[in-house]
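Visitor: Start from the sequences, fold in the hints, and give me the full structure.
Adding 28 to a residue's 1-based position in the sequence shown gives its number in this note's numbering.
In silico DSSO-like pairs for lysine-lysine, Cα to Cα no more than 27 Å straight-line: (1) K81 to K42; (2) K105 to K42; (3) K105 to K58; (4) K94 to K105; (5) K73 to K32; (6) K58 to K81; (7) K89 to K62; (8) K42 to K127.
Label-pair restraints from in silico Cβ distances: (9) K58 to K127: 22 to 30 Å; (10) W30 to G80: 14 to 22 Å; (11) P63 to T31: 19 to 27 Å.
Worth flagging that the hints you see were computed from the coordinates, not collected in a lab. Quick caveat: nothing in here was measured; it's all calculated off a predicted structure. For every residue, glycine included, the Cβ atom is placed at its ideal position computed from N, Cα and C.
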Amino acid sequence: MWTKKHAAYSWQQKLPPAAQYLWQWLEETKSLDKPVEPDLRDFNKWVARHRGKGYCRQTVKDAFTKLSECGIVRALKNFGHWAIHRVIVRAIDSLIPPKPLRG
29 MWTKKHAAYS
39 WQQKLPPAAQ
49 YLWQWLEETK
59 SLDKPVEPDL
69 RDFNKWVARH
79 RGKGYCRQTV
89 KDAFTKLSEC
99 GIVRALKNFG
109 HWAIHRVIVR
119 AIDSLIPPKP
129 LRG
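Guide: Shown next, in the form of structure tokens:
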């Protein structure tokens with residue numbers, strides 16, 4: 029489920045719209061903190077319903093790379109195809125450091 033925390037983290041990391049959509053799709057359709065094998069072609073079909081058309085292959089690959097760089101997804105294995113990877117999608121609470129307690 030996409031929340032204000034997700035939006036704030038996206039803005040902080042300067043995620044492009046394609047990366048934000050990809051993250052939202054991963055959050056809604058995949059298990060968090062467990063290895064999954066999303067097919068990015070399915071993401072492109074999903075985003076076409078929300079945006080009116082899908083992204084080109086390079087844009088999807090760049091969005092995936094940006095999510096990896098930000099630590100949102102951790103690639104475990106590439107199957108030699110641009111659209112299929114084994115990844116772990118991290119939950120938003122594990123990405124945002126806890127606020128220090130006043131003592």
